[in-house]
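Participant: Assemble the complex: chain P is given as a structure, and chains S and Z must be docked to it using the hints.
Residue numbers (this note's numbering), protein chains in the order written: chain P, 1 to 205; chain S, 1 to 234; chain Z, 1 to 547.
No lab work stands behind these hints: they were computed from the structure. Among the clues, some could well be false.
Computed beta-carbon distance windows for the label pairs [to be verified]:
{"hint": "1", "chain 1": "S", "residue 1": "A44", "chain 2": "P", "residue 2": "S94", "range": "34 to 44 Å"}
{"hint": "2", "chain 1": "Z", "residue 1": "S87", "chain 2": "S", "residue 2": "S106", "range": "33 to 43 Å"}
{"hint": "3", "chain 1": "P", "residue 1": "S94", "chain 2": "S", "residue 2": "T128", "range": "29 to 39 Å"}
{"hint": "4", "chain 1": "S", "residue 1": "Q179", "chain 2": "Z", "residue 2": "R209", "range": "45 to 55 Å"}
{"hint": "5", "chain 1": "Z", "residue 1": "E66", "chain 2": "P", "residue 2": "L86", "range": "47 to 57 Å"}
Note that CB positions come from ideal geometry on N, CA and C, so glycine has one too.
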Amino acid sequence: MREVSDTIACEGCDAVYQRAPLQPRDVARCPRCGSELERHAGNQRRRILPLTVASLIMFAIANLFPIVEIELQGLRSQTTLAGAVLALMAEGMSVVALLVLATTLLFPLLQLCILVWLLVPLARDRQAPGFAWLVRAMQSLRPWGMIEVFLLGVLVAIVKLSSMATVVAGPALYAFMALTVLLTSVLSFDPRGFWELVFQRQEGA
Amino acid sequence: MNMHGPQHPHDHPEDAPVPTVASLGLLACHHCGTVWAQAEEGDACGRCGTHLQRRKPDSLNRTWALLVAACLMYIPANLLPVMITRTLFGTQNDTILSGVIYFWVSGAYGLAAIVFVASFLVPLFKLTALMLLLITAQRRTDWRRPERARLYHIIEIIGRWSMLDVFVVSLLTGLVQIQGFAVITAGVGIAAFGAVVVLTMLASISFDPRLTWDDKPVAPAGDNEVEKKKTATA
Amino acid sequence: MSEPTPPPPPAEPNAPPAPKVVRRRDWLPSLIWLIPIVAALVGVTLVARILMQRGPEIVLTFKTAEGLEAGKTAVKYKDVQIGIVQSLRLARDRSHVRVTVQLTKEADGFTASDTRYWVVRPRLDTSGISGLGTLLSGAYIGADAGTSEDSASEFTGLEVPPIVTRDASGQQYLLRAADIGSLDVGSPVYFRRIKVGQVAAYELDGDGRGVTLRVFVNAPYDKFVGVNTRFWHASGLDASITASGVKLRTQSLATILLGGIAFQAPEDAMGPVAKENTAYTLAEDESLAMKPPDGPSQSMLMYFNESLRGLTPGAAVDFRGVVIGEVKSIGVEFDRSEREFRMPVLVQIYPDRLRRRAGETEPESRYTQEQRLQFLIGKGLRAQLRNGNLLTGQMYVALDFFPKAPPVKVDVSKNPVELPTIQGSLEDLQTQVQEIAAKVNKIPFEELGKDMRVSLATLNKTLTGAEQLAKTLNNDVSPEITAALKDVRKTVDSANRTLSDDSPLQQDMRQTLQELTRAAGSVRVLTDYLERHPESLLRGKPDDKKK
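Next up, chain P with everything else stripped away, as it sits in the complex:
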């Protein structure tokens, strides 16, 4: 097995290209099918850890506090994300409840935790244990974190409810909005960049 250096393969059409040196904010695209080959990591490496930490804090706020509170004829009701999941389970919709729980709580949390787990040692030039499969896990979890869809869903639900009751946004709603923004930045970090980091350090680059 021999490594073919300075080449890159297109994931969309299997074409082989030469790796061009990238400037910051450059994105290399396959001319044939248009899929992204690689992008310059840029300042991402410096930013990702603080952003991950911020995301985790926002995540905690978003799940511990109520998302919205409604008031109808003097009766109030409020719920957190976990509360909604529990309500679904109580009705017997356990599968849907688990799906919601996974896509909005479990997978994003796992991704964030893995990131922290991997990044902190990396800052000290060390590889955390389980590096390889953790990075793979993170890559496969990528499409399944759906917090921004959840946020849009919450907004749609608020609009639907505002016609029949008074709706007050809770702290978790704002936390979710901040979390969406942060996560978009954090999760745009290509896992391949991890390997770059590792091998650059290994090669002493």
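Facilitator: Same frame as chain P, but now just chains S and Z:
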């Protein structure tokens, strides 16, 4: 470097037969991106340890299976109620479409459009697009390949947004639990709908987009001799 | 913006082509660690705010957790939420439920050890229906702030809401009664038929001889309770059938159902305002409450040898219409010396009643009570049984002067003093009836009967004769009468014919009438003429000259 196959550039660079990993007999790690020569399928990548593979395993079959399942679930997802609202005035069963109509009729046109697109058009679009991709990939036609590649990208990006309705229903169920006044419960339709979204996402993950560019089935890396003979005679 | 650089030409003929490079836009500032710091601050602020709003945590024990929900049920005071139920747990010995409540910061005064907590649910009790709002909004826990200095963290919840909360203004009084009657906690208290308070609590006295009630009179009516005020049972219908007739009194319709207490000062002279927790006696009814205190009583004994049926203990002893005492007990004695039965009746007399009614002041008397009594008896003071009510047969003892009564020797030093009696008026009545009976007896019914028989026989004969006459009439007279009637009918018919419209008689008559009319007309003309020309009588009518 040992390269195999004709690599002469033509007059129009975009018409030039692009060197592909398969035609060159190489293997690219789908995880870390390193290109390996003289490697076999199943070998562990030297950098990251993932098992090297040419194409996603059994892509066509798996994608077809998941797609058919998703189509089957699409019918109850739209016919069965997704949300049951119980108020003092009575019980109201809502399907996805009736929810859209409710929004439209009460003047929230934007919301009606959002929900309609996300919960009705997008899954439908994904199902038809995947079917199209699968059929053309199976036939190995070169009809509009760049467009098909773009189609796949689009499916990948918009796939998750169909979950919108599931989240709306979940939040409403968890929130509106005022006994005696208004109680919202989730209907079976939402489970079917969630299944549709999950299945289509799995289907698009298991579909290998490189199949749209394959003129012929890709042989395993060990068959380089066969490749040489074929290209030599072409 | 994106500047696509053209793909560079391949470095070697066999080298793979280079990809297209596109520039991406940067959108994050470099002061990146500010973001997590801000996030952390926000989180900490939120948590701190919640912790600061937390007040003390207390545990309430109730018999049942019905209507309570962890995380939802609120604790309210004056309808303001001061806490929320955190959790519900069954006690170890399963005898009650432990409710953990988190109070808000402002409500930490509610940990005073005499604070009371109860569950507000829809209730139906003697004071009416309450708590209906909780049917919709769910039960809540009510609180009554305490004033104690000590604080506690565990409270035993009340099973029923307290009648009086500490913040209600008014005063509490104690009433002593022989029994509770139809009263209950919450029974109303009336003043001039207005509900001004209610019974807060009652309990049996320690020695079991009575009941003590605690009534609460709301402000501003508590200023109408003075030291002289009397309280009485105003329960239900105050119906009394006494020697003076049937009396029916009631405070209000509510008291018929719920029972109640009323109060008033006699002649509205209530004296100074009563202090809290003043004790009063609860009388059985208004008249008992209002009657002035009786003063010393004196027992007297009377012997009657007539039937005492209708006389009951408690019957009045009356002097010329003034009730001065009551019968205490009745008995039977066999007097061996005289070999006959005597009925001793023990009465209790309150001489003060008589004195007060008379309006006399109390000068120092030269005579003792016994001497006075001797004097009165000498004057003819006797006791007599009289019929109070013919309907019910109730009797009472009347004291009166009977100058014609035979003198009696009375030993006034004996205790109880024996008062001489005289036979009751009922006896007289009986004698009268007897006399009437005797008179009736004397009526000669036999002879009357004989005469009657004779008359009847005569009458019989007369009737027989009449009968015969009727027969004669029928047989003989009636056919002739029939014939006569037929003739009459004929006559009538011919008369009819004659007089009918087209009968010749009528026609003749009409003609005759016409003639007469003409004649009358001529006569009129003549008379007119004569009037105008009276000389025509002599001269005749002149020839018709030219007119």
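Participant: If a hint holds in the structure, say so; if it doesn't, say that too.
Facilitator: Going down the list of hints, with the structure as the test:
{"no.": "1", "hint": "A44/S with S94/P: 34 to 44 Å", "in the structure": "39 Å, holds"}
{"no.": "2", "hint": "S87/Z with S106/S: 33 to 43 Å", "in the structure": "41 Å, holds"}
{"no.": "3", "hint": "S94/P with T128/S: 29 to 39 Å", "in the structure": "31 Å, holds"}
{"no.": "4", "hint": "Q179/S with R209/Z: 45 to 55 Å", "in the structure": "53 Å, holds"}
{"no.": "5", "hint": "E66/Z with L86/P: 47 to 57 Å", "in the structure": "24 Å, violated"}
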